[in-house]
Amino acid sequence: MSVPYELTGRHQQKARTRGALVEAARRLLADGADPTVEDAAAAAGISRTTAYRYFPNQYALLAAVHPQIEQASLLPPDPPADPEARLDLVMTAFIQLTLDWEPQLRTSLRLSLHPDTGQPPLRGGRAIGWIEDALAPLAHTHPGLDLHRLAVTIRSATGIESLIWLTDIAGLTRRQAADTMRWSARALLTAALDEHRPGSQVSDQRTPTTPDGRPPAPPAR
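Position 3, counted from 1, in the sequence shown is what the UniProt record's numbering calls 3; the numbers after and before it change by one each time, with no gaps.
No wet-lab data here; the hints were simulated from the structure.
Being a predicted model, the structure only gives us computed values, none of them experimental.
Certain hints may be false.
[Claimed, not checked] With beta-carbon atoms standing in for the labels, derived distance ranges:
no., residue 1, residue 2, range
1, Asp100, Ala15, 18 to 26 Å
2, Glu195, Leu109, 25 to 33 Å
3, Ser47, Ala81, 52 to 60 Å
4, Arg16, Glu195, 53 to 61 Å
5, Ile169, Asp34, 14 to 22 Å
6, Ala136, Ser47, 18 to 26 Å
[Said to hold, decoys possible] Capping the alpha-carbon separation at 25 Å, the derived lysine to any residue pairs in SDA-like fashion look like this:
no., residue 1, residue 2
7, Lys14, Ala42
8, Lys14, Tyr59
9, Lys14, Ala60
10, Lys14, Leu28
11, Lys14, Arg26
12, Lys14, Gln58
13, Lys14, Gly45
14, Lys14, Tyr52
15, Lys14, Gln104
16, Lys14, Arg48
17, Lys14, Ala64
18, Lys14, Arg53
19, Lys14, Asp39
20, Lys14, Arg27
21, Lys14, Ser47
22, Lys14, Pro56
23, Lys14, Ile46
24, Lys14, Thr36
Even for Gly, the Cβ is constructed at its ideal location relative to N, Cα and C.
Working from the sequences, and respecting the hints, build out all of it.
Structure follows, in C-alpha coordinates:
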(Lines of atoms letter the chains of each structure in order from A and count residues from 1; the text may use other names and numbers.)
(Lines give C-alpha, C1' and ligand atoms only; values in the text may rest on other atoms or scores of the structure.)
Protein backbone atom coordinates (compact mmCIF):
# COMPACT_ATOMS: atom_id res chain seq x y z
CA MET A 1 0.00 0.00 0.00
CA SER A 2 1.49 3.34 -1.03
CA VAL A 3 2.05 6.08 1.55
CA PRO A 4 0.67 9.54 0.69
CA TYR A 5 3.37 12.02 -0.22
CA GLU A 6 2.55 14.32 2.69
CA LEU A 7 3.14 11.53 5.23
CA THR A 8 6.72 10.88 4.20
CA GLY A 9 9.55 12.93 5.74
CA ARG A 10 9.75 16.69 6.46
CA HIS A 11 6.22 16.77 7.85
CA GLN A 12 6.26 20.39 9.04
CA GLN A 13 7.56 21.73 5.74
CA LYS A 14 4.98 19.72 3.80
CA ALA A 15 2.22 20.92 6.10
CA ARG A 16 3.27 24.52 5.38
CA THR A 17 3.30 23.87 1.64
CA ARG A 18 -0.15 22.31 1.75
CA GLY A 19 -1.43 25.18 3.87
CA ALA A 20 -0.03 27.72 1.41
CA LEU A 21 -1.82 26.03 -1.49
CA VAL A 22 -5.12 25.88 0.40
CA GLU A 23 -4.86 29.52 1.47
CA ALA A 24 -4.03 30.60 -2.09
CA ALA A 25 -7.07 28.71 -3.39
CA ARG A 26 -9.26 30.39 -0.77
CA ARG A 27 -8.05 33.83 -1.81
CA LEU A 28 -8.75 33.02 -5.45
CA LEU A 29 -12.26 31.82 -4.58
CA ALA A 30 -12.90 34.99 -2.60
CA ASP A 31 -11.92 36.97 -5.72
CA GLY A 32 -14.50 35.08 -7.77
CA ALA A 33 -12.13 32.65 -9.51
CA ASP A 34 -12.58 28.90 -9.96
CA PRO A 35 -9.00 27.92 -9.10
CA THR A 36 -7.24 24.95 -10.61
CA VAL A 37 -4.22 23.29 -9.03
CA GLU A 38 -2.02 25.31 -11.37
CA ASP A 39 -3.73 28.55 -10.32
CA ALA A 40 -3.20 27.84 -6.64
CA ALA A 41 0.42 26.88 -7.27
CA ALA A 42 1.11 30.11 -9.12
CA ALA A 43 -0.59 32.22 -6.45
CA ALA A 44 1.36 30.48 -3.70
CA GLY A 45 4.69 30.63 -5.52
CA ILE A 46 4.95 26.83 -5.62
CA SER A 47 5.84 24.74 -8.65
CA ARG A 48 3.04 22.91 -10.44
CA THR A 49 4.87 19.61 -10.02
CA THR A 50 4.99 20.07 -6.26
CA ALA A 51 1.37 21.20 -6.08
CA TYR A 52 0.15 18.07 -7.86
CA ARG A 53 1.90 15.94 -5.23
CA TYR A 54 -0.56 17.38 -2.71
CA PHE A 55 -3.63 17.73 -4.90
CA PRO A 56 -3.88 15.44 -7.94
CA ASN A 57 -6.85 17.34 -9.36
CA GLN A 58 -9.03 20.40 -8.87
CA TYR A 59 -11.65 18.48 -6.94
CA ALA A 60 -9.10 17.42 -4.32
CA LEU A 61 -7.93 21.01 -3.97
CA LEU A 62 -11.45 22.40 -3.58
CA ALA A 63 -12.34 19.65 -1.12
CA ALA A 64 -9.44 20.81 1.06
CA VAL A 65 -10.65 24.40 0.81
CA HIS A 66 -14.13 23.45 2.03
CA PRO A 67 -14.58 24.79 5.59
CA GLN A 68 -14.32 22.19 8.33
CA ILE A 69 -16.21 23.58 11.32
CA GLU A 70 -15.95 21.20 14.27
CA GLN A 71 -18.02 23.16 16.79
CA ALA A 72 -20.63 20.93 18.42
CA SER A 73 -22.74 23.95 19.34
CA LEU A 74 -23.11 27.56 18.26
CA LEU A 75 -24.63 28.57 21.59
CA PRO A 76 -22.63 30.69 24.07
CA PRO A 77 -21.29 29.04 27.26
CA ASP A 78 -24.33 30.06 29.35
CA PRO A 79 -27.22 30.00 26.88
CA PRO A 80 -30.77 31.13 27.69
CA ALA A 81 -33.50 28.59 28.32
CA ASP A 82 -36.00 30.18 25.93
CA PRO A 83 -36.01 28.22 22.64
CA GLU A 84 -36.71 31.31 20.53
CA ALA A 85 -33.78 33.20 22.04
CA ARG A 86 -31.55 30.14 21.65
CA LEU A 87 -32.58 29.70 18.01
CA ASP A 88 -31.91 33.36 17.25
CA LEU A 89 -28.39 33.06 18.71
CA VAL A 90 -27.68 29.94 16.67
CA MET A 91 -29.09 31.37 13.46
CA THR A 92 -27.13 34.61 13.87
CA ALA A 93 -23.90 32.64 14.25
CA PHE A 94 -24.77 30.17 11.47
CA ILE A 95 -25.67 32.91 9.01
CA GLN A 96 -22.43 34.75 9.80
CA LEU A 97 -20.46 31.56 9.11
CA THR A 98 -22.33 31.23 5.82
CA LEU A 99 -21.43 34.78 4.86
CA ASP A 100 -17.80 34.40 5.96
CA TRP A 101 -17.35 31.20 3.96
CA GLU A 102 -19.66 32.07 1.07
CA PRO A 103 -17.15 31.55 -1.79
CA GLN A 104 -16.07 28.14 -0.47
CA LEU A 105 -19.64 27.07 0.25
CA ARG A 106 -20.79 28.13 -3.22
CA THR A 107 -18.04 25.96 -4.69
CA SER A 108 -18.98 23.06 -2.42
CA LEU A 109 -22.62 23.34 -3.50
CA ARG A 110 -21.66 23.47 -7.17
CA LEU A 111 -19.52 20.36 -6.91
CA SER A 112 -22.19 18.49 -4.96
CA LEU A 113 -24.55 19.00 -7.91
CA HIS A 114 -22.22 17.05 -10.20
CA PRO A 115 -22.18 13.48 -8.84
CA ASP A 116 -20.48 12.20 -12.00
CA THR A 117 -17.10 13.32 -10.64
CA GLY A 118 -16.64 9.92 -9.02
CA GLN A 119 -15.57 11.64 -5.82
CA PRO A 120 -17.26 11.61 -2.39
CA PRO A 121 -19.60 14.54 -1.73
CA LEU A 122 -18.16 17.59 -0.02
CA ARG A 123 -21.22 18.65 1.86
CA GLY A 124 -22.11 17.14 5.20
CA GLY A 125 -22.66 20.15 7.39
CA ARG A 126 -23.42 20.34 11.08
CA ALA A 127 -26.20 22.94 10.88
CA ILE A 128 -29.08 20.55 11.66
CA GLY A 129 -27.31 19.47 14.85
CA TRP A 130 -26.74 23.10 15.83
CA ILE A 131 -30.42 23.88 15.32
CA GLU A 132 -31.50 20.79 17.28
CA ASP A 133 -29.23 21.97 20.09
CA ALA A 134 -31.05 25.31 20.10
CA LEU A 135 -34.44 23.58 20.21
CA ALA A 136 -33.50 21.05 22.91
CA PRO A 137 -35.65 22.58 25.71
CA LEU A 138 -38.75 21.84 23.64
CA ALA A 139 -38.24 18.12 24.29
CA HIS A 140 -39.58 18.74 27.80
CA THR A 141 -42.21 21.39 27.11
CA HIS A 142 -43.52 19.99 23.81
CA PRO A 143 -42.86 16.22 23.90
CA GLY A 144 -45.04 15.61 20.83
CA LEU A 145 -43.00 17.91 18.62
CA ASP A 146 -40.60 16.24 16.19
CA LEU A 147 -37.50 18.35 16.86
CA HIS A 148 -35.41 16.75 14.14
CA ARG A 149 -38.06 17.43 11.51
CA LEU A 150 -38.38 21.03 12.71
CA ALA A 151 -34.59 21.46 12.59
CA VAL A 152 -34.50 20.10 9.04
CA THR A 153 -37.33 22.45 8.05
CA ILE A 154 -35.52 25.46 9.50
CA ARG A 155 -32.29 24.43 7.81
CA SER A 156 -34.10 24.20 4.47
CA ALA A 157 -34.90 27.93 4.71
CA THR A 158 -31.37 28.99 5.67
CA GLY A 159 -27.75 28.31 4.73
CA ILE A 160 -25.84 28.78 1.50
CA GLU A 161 -28.68 27.53 -0.71
CA SER A 162 -31.08 30.15 0.64
CA LEU A 163 -28.42 32.84 0.57
CA ILE A 164 -27.78 32.18 -3.11
CA TRP A 165 -31.49 32.31 -3.97
CA LEU A 166 -32.15 35.43 -1.92
CA THR A 167 -29.20 37.37 -3.35
CA ASP A 168 -28.84 36.01 -6.88
CA ILE A 169 -32.51 35.47 -7.72
CA ALA A 170 -34.54 37.69 -5.38
CA GLY A 171 -32.00 40.50 -5.59
CA LEU A 172 -31.65 41.15 -1.85
CA THR A 173 -28.51 42.51 -0.28
CA ARG A 174 -26.63 40.13 1.97
CA ARG A 175 -27.86 42.00 5.03
CA GLN A 176 -31.45 41.72 3.81
CA ALA A 177 -30.92 38.04 3.06
CA ALA A 178 -29.53 37.46 6.56
CA ASP A 179 -32.54 39.21 8.11
CA THR A 180 -34.89 37.14 5.96
CA MET A 181 -33.29 33.85 6.99
CA ARG A 182 -33.48 34.77 10.69
CA TRP A 183 -37.13 35.79 10.23
CA SER A 184 -37.90 32.51 8.46
CA ALA A 185 -36.35 30.51 11.29
CA ARG A 186 -38.41 32.37 13.91
CA ALA A 187 -41.59 32.03 11.84
CA LEU A 188 -41.14 28.29 11.43
CA LEU A 189 -40.54 27.86 15.16
CA THR A 190 -43.59 29.96 16.01
CA ALA A 191 -45.78 27.96 13.61
CA ALA A 192 -44.56 24.68 15.09
CA LEU A 193 -45.24 25.85 18.65
CA ASP A 194 -48.72 27.09 17.73
CA GLU A 195 -49.47 23.76 16.12
CA HIS A 196 -48.22 21.76 19.10
CA ARG A 197 -49.51 23.74 22.07
CA PRO A 198 -49.92 21.32 25.00
CA GLY A 199 -53.59 20.42 25.24
CA SER A 200 -54.54 22.05 21.95
CA GLN A 201 -56.97 20.32 19.65
CA VAL A 202 -54.43 20.48 16.84
CA SER A 203 -51.85 18.54 18.81
CA ASP A 204 -54.32 16.19 20.52
CA GLN A 205 -56.50 15.37 17.51
CA ARG A 206 -53.90 15.17 14.78
CA THR A 207 -54.69 12.72 12.02
CA PRO A 208 -52.36 9.75 12.39
CA THR A 209 -49.83 9.20 9.63
CA THR A 210 -47.35 6.56 8.59
CA PRO A 211 -43.60 7.21 9.12
CA ASP A 212 -43.33 8.68 5.63
CA GLY A 213 -46.05 11.25 6.38
CA ARG A 214 -48.94 9.62 4.48
CA PRO A 215 -52.34 8.75 6.00
CA PRO A 216 -52.63 5.11 7.06
CA ALA A 217 -54.33 2.62 4.80
CA PRO A 218 -57.98 1.83 5.67
CA PRO A 219 -58.52 -1.38 7.65
CA ALA A 220 -59.16 -4.53 5.67
CA ARG A 221 -62.78 -5.61 5.43
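- Query: Hey, Lys14 versus Ser47, does the alpha-carbon distance stay inside 25 Å?
  - Reply: It holds: about 13 Å lies between the C-alpha atoms, which stays within 25 Å.
- Message: Hint check: Lys14 vs Ala60, CA-CA at most 25 Å. Holds or violated?
- Response: holds, 16 Å
- Assessment of proposed distance window 18 to 26 Å (beta carbons of Asp100, Ala15): Hint holds: Cβ distance 24 Å, inside 18 to 26 Å.
- Do the alpha carbons of Lys14 and Pro56 lie within 25 Å of each other, as the hint requires? holds, 15 Å
- Between Arg16 and Glu195, is the Cβ distance one that fits in 53 to 61 Å? holds, 54 Å
- Message: Please verify whether Lys14 and Thr36 have alpha carbons no more than 25 Å apart.
- Response: Status holds; Cα separation ~20 Å.
- Taking only the CA atoms, is the gap from Lys14 to Arg53 under or equal to 25 Å? Roughly 10 Å separates the two Cα atoms, so the pair holds.
- Task: Assess, step by step, whether the Cα of Lys14 is no farther than 25 Å from the Cα of Arg27, and give holds or violated.
- Result: holds, 20 Å
- Task: Would you mind confirming whether the straight-line C-alpha gap from Lys14 to Ala42 stays at or under 25 Å?
- Result: holds, 17 Å
- Within 25 Å, alpha carbon to alpha carbon, are Lys14 and Asp39? holds, 19 Å
- Query: Is the hinted pair Lys14 and Arg48 satisfied, with a Cα-Cα distance of at most 25 Å?
  - Reply: Holds. Lys14 to Arg48 sits at ~15 Å (cutoff 25 Å).
- Task: Starting from the range 14 to 22 Å, see whether the pair Ile169 and Asp34 falls in it by beta-carbon distance.
- Result: holds, 21 Å
Hint 6 from the earlier list is the only one contradicted by this structure; the remaining hints agree with it.
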